[in-house]
Amino acid sequence: MSNNNDLERRFDDARDVLMGELASGEELSMEFSGELSTFMRFNGCKVRQIGEVDVAYVEFRLYKEGKSIAAGFNATGDAGEDSARAARALSRAREECALLPDDPYRSAPTSTSTSSEVFAGRLPAQERLPQEVLGPAAGTDFTGIHSQGPIVRGAANSAGARHWFATESFITDWSVWLPNGKAVKSCYAGREWDGAEHARRLAAAKARLEPLSRPEVKLKPGDYRAYITPDALYETIAFFSWNGLGERDIREGESAYIALREGRKGFSPLFNLTQDFSLGIEPRFNEAGDVAPEKLALIEGGKLASTIVSNRSAKQYGVPTNAAPESEDLRSPAFGAGKLAEKDALKALGTGVYISNFHYLNWSDVETARVTGMTRFSCFWVENGELVAPISNMRFDESLYDLYGSKLEDLTVERSLIPETGSYVLRSLGGALLPGILAKGLRFTL
Amino acid sequence: MPMDLPRLLAATAPQGAGWAGLRRVRSTDRSCSARDGKYDSARVTEDEGYLAEVLVDGQFGYAASANADIASLKAAFGRAMTLARAAGPFAIHRFDARQARPASKARWESSREKKSGLAMDDFAGLACSLSSAMRISDKIIQTSVDFEIHEVETEIASTNGAELFQVLHVAFQSLQAIARDGNVVQKRTANGSSARIRQAGAEFFDAGALALDAQRAAEEAIELLTAQDCPSMTGDLVLAPDQMYLQIHESVGHPCELDRILGDERNFAGSTFVKPDDIGKLQYGSKLMNITFDPTVQGEAASYAFDDIGATAKKEYIIKDGILVRALGSLESQARSGKPGVSDQRADNWSRAPIDRMANLNLEAGKDSFEDMVAGIEKGVYMETNRSWSIDDYRNKFQFGCEYAKLIENGRITRTLKNPNYRGVSSSFWKSLCKVGDGSTWRIFGAPNCGKGEPNQVIFVGHASPVCTFRGVEIFGGEA
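Protein chains in written order, with my numbering: chain A, 1 to 446; chain B, 1001 to 1480.
Hints are computed from structural coordinates only; laboratory data are not their basis.
All values reported here derive from a predicted model rather than from experimental measurement.
In this text, a Cβ means the ideal position worked out from N, Cα and C, and glycines have one as well.
Honestly, I wouldn't trust all of these hints.
[As the list claims (entries may be wrong)] If we take Cβ atoms under 8 Å as the criterion, some of the chain B residues that face chain A in the derived model are:
#1 1038
#2 1118
#3 1120
#4 1263
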């Protein structure tokens, strides 16, 4: 993993300058994020855009005399230039920090822990990418993106912590389309590219296109029994971060789970949510170099077990931290399994809707944890446990207290690891371990 | 400051490329925020890098690198060549540089009154004082203020002679108050959590004007605690510009993007109900609907002189008297489709290839005063300030929620409503547009966080609109 070595050198060079130049009374924590990615975007089994991105960012927080400020720059790979950038950023941070009011909840770094995890991969050669990814899809309307290459994260602080996480991975995030505008969505992700496995997934998707060619069923607004796959449920995961289970959001009126904290609302006893780093898909350390517990139960038996607490919130509210990032976002979430065998899901559904994907979810009312969104891709009307025909896209508007509460009939025994495919600024790490769920009702409104 | 990019290009451009270009982007950002009257955070960042791009036998390839030394950029060009050659047999279109990469020469800087910036102590002090001023009652449980200033410098050089330099000064502000009484929690912001984005200097952070906005947000947060829930009804809907901007963005902007029409976004952001043959024919909305792509509006967030492939920016009608006359498509999308477009190929940074984007997309003002619009309504709701948005992947079925509303009865505004929402289908909704406010109701807003593209890109856009009335809309409240 030679590229990882280059990125790790940039991390250490930045760390050496930032820590080495600290003056008396100054403390600092830093994080490093980088990648060397090849992106191939395709539409209709043709290449739309292809390129490579070499990018690395250093973000740090300087603590000085009761104040704090964040600063950042991008590391170029040129040691001399990067050293100059680090020194310039630190100097500017010092100047600006001196002008700021005191930070009442500053939490200077204390962790001295260290770790290093490196996962090498086997990826297709760049010059073979179009043939490797698009070749097996010839003759189909195959659309999406293939991304590959090393992704790294690092953190260090002036107390002595140093953490490094590097993984060499790929994601082929794609859909195969019919002329009627219906599509099967899929994703192939991992560290060891296997062309035969890619071809097998494509063949399986082609077989799933036939039911989508049937005339669609137009549903009326109303409550429908639903089986919701792990892929679709993944779209609801963000709603435990955004206005979610962060301690600060709950304390300051931003959270949908204030009623959960106060015991006025609850989820089903079947519903369990854990932050589970044993999944091994993202680092456990935060930007200050603190390491989160391997497992943290957040919702147990439908009741709030813990919130997500950063060092800053711990100081502000006098509660124990669980080494969350300052954003208090949920990381590596896992829903508990249920008792429903996946192979029996349609039979258990009986008559209702099979939902493979949701799209563009948003809070429609945070106070009541109500979320609205759309069905997308392969969603079907089911009668007596058999797929009948695809449905027209429907809008739902449902409280998560109901979806994972009074309307939750069962969860599947099997759980799927859904990778995070986002690539805003940088390719994301992480994902979620999720079952499918059987819901007594899902409220369609349009 | 511009560097000698043409010389750097001459020293690094590869042999064998039909065309090669370099785009340098340098951005500097400053931000600060306050919560509950106290300092919360401040951040200063710098970022600079290069996108090396080649065209080989009609196929583009790119490589992004932050390293500006000659050897590194030569290597980047080499990798771009390798990828372009590999993709050649699978090319979606054989591009011609003369068509897709203009040989333009220009320099441009967005306007701002105060060029000297704002010292961090003034910046943070203002945020803290506004946040403190919003705590007007024990029922206010949180106040927050966020300020940001960005400078984005873009420079382009190409082997066919493009030499472009552009600087954008973009400022952002957000003020919010959250009130609670018993189990009722209500949030009120100044025009939304992210709509106040403009091209401006330090004058954007006018302490006097912001104090009035902060006071209003706090007072209305308290007012909402005892307001009735918005009733469920089918009625006339009057939308303020701080909701209209997102209605335009989601149900006009994205559906009219030519790359969505061509299917590029189907796997991620989604498709559109607009077909290629609709351009020039489709009755998109009522005859009162006039939508322009206008990157020339001074102060609007996405004004510019040229896009990120060097196409010269100019105002174009997208929808004229309700008819879709042109799509939001760049030179590349125009070449692929043969359809008319605009100068909108933009990237969110040096590390991403540009794609079709909205820039400024505005609804032109009409003739009605706000008072006349309300007077003509027997029963309806006036809504302000977006708080929720969702639309399907073909951009048909939408649902929006707002922070604050007023009931309209018999031509008069009668009482305040909380949790107002509405839903509809894009084309039928725009056909129900029955009143368009005059210039006195026209306001400029924008969005700093429009997401699109694979790999993903988040970019700022501008939207300006007058107050508008739509007839026969499904309206509902928090428990519906």
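Task: Contradicted hints - numbers only - done: The structure breaks only hint 2.
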